[in-house]
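Could you build all of it, start to finish, from the sequences and the hints given here?
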Amino acid sequence: MIENIIPISTLFIGLNGITAFFLSYIAASERVNTRVWHGESKEDVAKQPDPLANPSAWAAMVENMTQKLFPDQRNNDGLLQRKVRAHGNFAEYVPHGLFFVLGLELMQAQAWLLWLLGSILTVARIAHAWGLIKIYGPSPARAIGFFLTWFVYLVGSLACIYYGVKGVI
Numbered sequence: 012m013i014e015n016i017i018p019i020s021t022l023f024i025g026l027n028g029i030t031a032f033f034l035s036y037i038a039a040s041e042r043v044n045t046r047v048w049h050g051e052s053k054e055d056v057a058k059q060p061d062p063l064a065n066p067s068a069w070a071a072m073v074e075n076m077t078q079k080l081f082p083d084q085r086n087n088d089g090l091l092q093r094k095v096r097a098h099g100n101f102a103e104y105v106p107h108g109l110f111f112v113l114g115l116e117l118m119q120a121q122a123w124l125l126w127l128l129g130s131i132l133t134v135a136r137i138a139h140a141w142g143l144i145k146i147y148g149p150s151p152a153r154a155i156g157f158f159l160t161w162f163v164y165l166v167g168s169l170a171c172i173y174y175g176v177k178g179v180i
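Heads up, the sequence shown is in the numbering used here, so the first residue is 12 and it goes up one at a time.
One or more hints might be untrue.
Stated by the list, open to error - Cross-link-like lysine to any residue pairs, in silico, SDA-like; alpha carbons within 25 Å at most:
1) Lys145 - Gln92
2) Lys145 - Ile155
3) Lys177 - Phe33
Unchecked claim - Pairwise CB distance ranges (calculated):
4) Leu34 - Leu63: 33 to 41 Å
5) Leu91 - Lys177: 44 to 52 Å
6) Phe101 - Pro149: 15 to 23 Å
Hints were generated in silico from the structure; no laboratory data involved.
Even for Gly, the Cβ is constructed at its ideal location relative to N, Cα and C.
Here it is, written out as structure tokens:
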């Protein structure tokens with residue numbers, strides 16, 4: 012067996028992964044309890060000022076250009092918010108998920124574990140994004156995506172903690 016070359020980093024990748032998992036769980040639970048699926052309140056979107064009500068010269072120029080480029084507008088702010096959150100969720104979860112795979116690969120963990128975590132993370136985030144964009148609120152794809160992501164976080168964290176402690180001791 013090859014010695015873990017990054018035991019301290021591995022340990023902290025794992026510990027922070029567990030923390031991220033619990034914070035995610037707390038936020039998701041509150042969304043379910045309050046039935047607020049995007050933003051922090053139902054009033055969030057309504058409170059935003061309309062940038063085109065009194066546009067600056069720059070905003071007016073950009074608006075005129077976009078009107079010509081995209082003449083068929085779908086005034087669906089909910090769809091925009093869902094697409095933005097799909098991207099945001101991806102950017103929030105994928106980096107740490109990839110740290111698990113990277114850290115474990117640097118420790119020369121078994122290839123099946125790396126393939127398992129990397130594959131599930133990829134499928135999970137695609138499913139979550141698709142479910143989030145297509146349907147407001149709960150959806151099977153969104154649920155599958157976040158439960159599989161949590162699986163990656165838990166298994167990846169525990170594996171990193173195991174290898175980290177093993178390498179430090």
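Here's how the hints hold up against the structure:
This hinted pair checks out: Lys145 and Gln92 have alpha carbons roughly 12 Å apart, not beyond 25 Å. With a C-alpha separation of about 14 Å, the suggested pair Lys145 and Ile155 falls inside the 25 Å cut-off, and the hint holds. A hinted pair counts as satisfied when its Cα atoms are at most 25 Å apart, and Lys177 with Phe33 qualifies at roughly 24 Å. Evaluation of the 33 to 41 Å hint for Leu34 and Leu63 yields a pass: the beta carbon distance comes to about 36 Å.
Evaluation of the 44 to 52 Å hint for Leu91 and Lys177 yields a pass: the beta carbon distance comes to about 47 Å. Taking 15 to 23 Å as the suggested C-beta distance range, the pair Phe101 and Pro149 conforms, at roughly 19 Å.
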